[in-house]
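Asker: Once you've looked at the hints, go ahead and assemble the two chains, each given alone in its own frame, into the complex.
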Amino acid sequence: MKIEERFADGELTLCLRGELDHHAAKLIAHELEGAVDKRLPSACVLDFGGVSFMDSSGIAVIIKARRRADELGASLRVVGVGRQPERVLTAAGLGRLVSIETASE
Amino acid sequence: MKETNSIRLEFQSRSINEGFARAAAAVFAAQLDPTLDELNDIKTAVSEAVTNCIVHAYPDSIGKILLRARSFPNNSIEIIVRDWGRGIPDVDRAREPMFTTGGDERSGMGFTIMESFMDSVKIRSAPERGTTVTMRRSISIRAARK
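Note that the protein sequences, when read in sequence, are chains A and B. To convert a position in the first sequence, counted from 1, into the numbering used here, add 141. To convert a position in the second sequence, counted from 1, into the numbering used here, add 66.
In isolation and in its complexed conformation, chain B is listed as follows (with noise of 0.2 Å):
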């Protein structure tokens, strides 16, 4: 499907631009008309997604992250993280409820998330390549446009 819109942005991988990728992709999202609860499902899977990279990613150095989004004419946004630190060496297992490598600061949760909040959840990872995740959300098509 030929896409509508697409943005893309490259940031540091520093915690402090968590809010601001998830922020950038709230506001891309927007442009969809989506509801509250659609808009901060976006945010939040974003957030879990970049902050991935942060802390798993790139663990004691600062690297490249790579947002893009797209938005195609049936209301659809597809979202992708792309990183190239440590890879994940087991995705399956990443993905399961509680799993962390991050010890006590991290709930294990955050594939959970993604996984809950979005349509569908992809990932590419080869080990010290990098990680890709790819997203996918409709959007509800609200009757009462103006």
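For reference, chain A alone in the conformation it holds in the complex (with noise of 0.2 Å):
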């Protein structure tokens, strides 16, 4: 999995890329918060118009960004979703939490 960072006008967009399982969100965890930590953004944007699989690992990411922009005062969106993750966020209701954008939205 590949992380793209794009940050201007105080909006922090994370590309993510490749599939999103355990194994995956373990070895990007420290590089997400790490750009999170350095852009102190008051808007997050996470694009996951790159993640062709995802599983509950990838719940536990965004809840984890959903805490993290909490306590910096910002704003998060997931964006570009495809269709298996976000048959993934609807089982777990995800939707209630975060806001979440298909990609053909």
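Just to be clear, a hint being listed does not mean it is correct.
[What the hints assert, rightly or not] Derived, one-sided and incomplete: chain B residues facing chain A with beta-carbon distance under 8 Å:
#, residue
1, 85
2, 121
3, 162
4, 167
5, 171
6, 176
7, 179
[Claimed, not checked] Estimated spans, in silico, between C-beta atoms of each pair:
#, chain 1, residue 1, chain 2, residue 2, range
8, B, 186, A, 234, 19 to 25 Å
9, A, 146, B, 142, 40 to 46 Å
10, B, 78, A, 170, 42 to 48 Å
11, A, 158, B, 69, 35 to 41 Å
12, B, 155, A, 149, 46 to 52 Å
[What the hints assert, rightly or not] Footprint (simulated), chain A over chain B, 3 or more residues, beta carbon under 8 Å:
#, stretch
13, 70–84
14, 104–110
15, 189–195
Keep in mind the hints are simulated off the structure, nothing from the lab. Ideal Cβ positions, reconstructed from N, Cα and C, are used throughout, including at glycine.
Answerer: Below, the structure written as structure tokens:
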């Protein structure tokens, strides 16, 4: 899994690419935290456009990002969510916690 | 019911094998001509079951995981994920959404996802003897086959 980082006008966008499972989540956890702590954004965007597969490990990544954003008083959006990740997020009822935009929106 | 086909794969509880296990299950399930959603549901459920073995059954060691898959003439599939690790002390509690002993790296949604994506999920577990998760899913029979 690869992460690309963009930062403009206080908004930090983290683009995730690849399969987001427990193996990948372990590897990217530090990178995600590091990016947020370095930029201290007022808005965070997790771009899932490149996530081809996700299991409940991705839910933990999003919940953790939600907590960190709350601590910073930042907003959090998850965008570009493809069909398979969307089914996982829906089954977990994550839409109640985080703003989720599907790839077709 | 007599099985149409079956596979048996044994691998080590290394997290890099999560991708291997779900891909193997998906290739086997593809023989039943599933839709992309059905195939992804099976992949996701297998990923959850195998991750549980790696995180919870063998937290401090590398152990053995067995993946078995069987297909049946009614176009259904059975997947068994077995480990010989710690076991689950309270299966009912482990099945509850958001319950986890895995800290903030885990969401506690693994069994909830398996139950949403498969028709049935059975868990047998004994302390220090391991856990067996048996999942079944029927695959829709598509009319327009060539």
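Asker: Work down the list of hints and note, for each, if the structure agrees.
Answerer: Evaluation of the provided hints:
For residue 85 of chain B, the suggested interface contact is upheld, since its CB lies about 6 Å from the closest CB of chain A, less than 8 Å. Hint status for residue 121 of chain B: holds, given a least beta-carbon distance of 7 Å to chain A, under 8 Å. At its closest, the beta carbon of residue 162 of chain B sits 13 Å from a beta carbon of chain A; the interface hint therefore is violated under the 8 Å criterion. Using the Cβ-Cβ criterion of 8 Å, the hint placing residue 167 of chain B at the interface with chain A is not satisfied: the shortest such distance is roughly 13 Å.
Checking residue 171 of chain B against chain A by beta carbon gives a least distance of about 6 Å; that is within 8 Å, so the hint holds. For residue 176 of chain B, the shortest C-beta to C-beta distance to chain A is roughly 5 Å, which falls under 8 Å, so the interface hint holds. Satisfaction of the interface hint for residue 179 of chain B is found here, the shortest Cβ-Cβ separation to chain A being roughly 5 Å, below the 8 Å cut-off. For residue 186 of chain B and residue 234 of chain A, the Cβ-Cβ distance of about 21 Å falls inside the hinted range of 19 to 25 Å, so the restraint holds.
Distance hint check for residue 146 of chain A and residue 142 of chain B: the Cβ-Cβ separation is about 45 Å, which falls inside the suggested range of 40 to 46 Å. Taking 42 to 48 Å as the suggested C-beta distance range, the pair residue 78 of chain B and residue 170 of chain A does not conform, at roughly 22 Å. At about 38 Å, the beta-carbon gap between residue 158 of chain A and residue 69 of chain B stays in the expected band of 35 to 41 Å. Between residue 155 of chain B and residue 149 of chain A the Cβ separation comes to about 49 Å, which falls inside the hinted range of 46 to 52 Å.
Beta-carbon proximity to chain A at under 8 Å applies to 3 residues in the stretch 70–84 of chain B; the threshold of 3 is reached and the given coverage holds. Three residues within the 8 Å Cβ limit are the bar, and the stretch 104–110 of chain B against chain A gives 4, so the coverage statement holds. For a cut-off of 8 Å, the count of residues in the stretch 189–195 of chain B with a CB near a CB of chain A stands at 0, and the three-residue condition is violated.
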